[in-house]
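*Asks:* Residue numbers (the working numbering): 1 to 125.
Do not rely on the hints blindly, as some may be mistaken.
Unchecked claim - Calculated lysine to aspartate or glutamate pairs in the DMTMM-like style (CA-CA distance at most 25 Å, straight line): (1) K70 <-> D98; (2) K41 <-> E56; (3) K70 <-> D85; (4) K41 <-> E74; (5) K41 <-> E92; (6) K70 <-> E56; (7) K41 <-> E77; (8) K70 <-> E92; (9) K70 <-> D45; (10) K41 <-> E62; (11) K70 <-> D96; (12) K41 <-> D96; (13) K70 <-> E117; (14) K70 <-> E46; (15) K41 <-> D66; (16) K41 <-> D86; (17) K41 <-> D98; (18) K70 <-> D83; (19) K41 <-> D67; (20) K41 <-> E79.
Hints were generated in silico from the structure; no laboratory data involved.
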Amino acid sequence: MAEKRQGQRTSQKRQQESGGEKNRTSERRSTRRPSGAQLAKSARDELAEITGFSAESVTSLEQVDDDTWKVRVELLEVERVPDTDDVLGSYEVQLDGDGGLLGYRRVRRYPRSHAGEDDAVGGTP
């Protein structure tokens with residue numbers, strides 16, 4: 001009978017120890033930096049929520065320094081028929097190293113039919 005209790009205690013101790021290792025592993029995972037895809041999704045989702053416009057695409061992702069990322073997101077600002085007359089806005093979003101929003105600004109506004117023209121950067125065509 002005493003051997004049975006000893007076995008139960010040993011089993012419980014092993015479970016506690018393995019649970020401790022799982023906790024340490026999850027702590028290590030939580031300190032990892034977000035992936036590029038996670039940063040892009042964060043920028044797209046937060047910008048759409050703030051502006052109320054729907055996100056069309058993420059067109060660039062650039063690490064500025066160790067703790068700052070710059071993401072370019074295209075938003076549908078005005079929907080028209082035909083859709084080639086839709087008005088899009090190109091936004092530059094700054095994120096910290098954890099994916100938190102630092103700021104954003106619109107750098108271009110243009111009709112969808114002029115999407116490939118970069119001469120309107122910074123202004124309205």
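*Asks:* Take the hints in turn and mark each one as holding or not.
*Replies:* Hint check results:
1. K70 <-> D98: With Cα atoms ~13 Å apart, K70 and D98 stay inside 25 Å; holds.
2. K41 <-> E56: holds (12 Å)
3. K70 <-> D85: The given pair, whose Cα atoms are some 28 Å apart, is violated under the 25 Å limit.
4. K41 <-> E74: Given that 25 Å is the threshold and the Cα spacing comes to 12 Å, the pair holds.
5. K41 <-> E92: holds (14 Å)
6. K70 <-> E56: holds (17 Å)
7. K41 <-> E77: holds (19 Å)
8. K70 <-> E92: holds (7 Å)
9. K70 <-> D45: With Cα atoms ~15 Å apart, K70 and D45 stay inside 25 Å; holds.
10. K41 <-> E62: holds (14 Å)
11. K70 <-> D96: Holds. K70 to D96 sits at ~9 Å (cutoff 25 Å).
12. K41 <-> D96: holds (14 Å)
13. K70 <-> E117: Between K70 and E117 the Cα gap is close to 21 Å, so the pair holds against 25 Å.
14. K70 <-> E46: Holds, at roughly 14 Å.
15. K41 <-> D66: holds (19 Å)
16. K41 <-> D86: Holds - the C-alpha atoms of D86 and K41 are around 23 Å apart, at most 25 Å.
17. K41 <-> D98: Judged against 25 Å, a Cα distance of about 13 Å means the pair holds.
18. K70 <-> D83: It is violated: about 28 Å lies between the C-alpha atoms, which goes past 25 Å.
19. K41 <-> D67: Holds, because 17 Å separates the two Cα atoms, which is no more than 25 Å.
20. K41 <-> E79: At roughly 22 Å apart (the allowed maximum being 25 Å), E79 and K41 satisfy the hint.
Checked against the numbered hints given earlier, the structure breaks hints 3 and 18 and satisfies all the rest.
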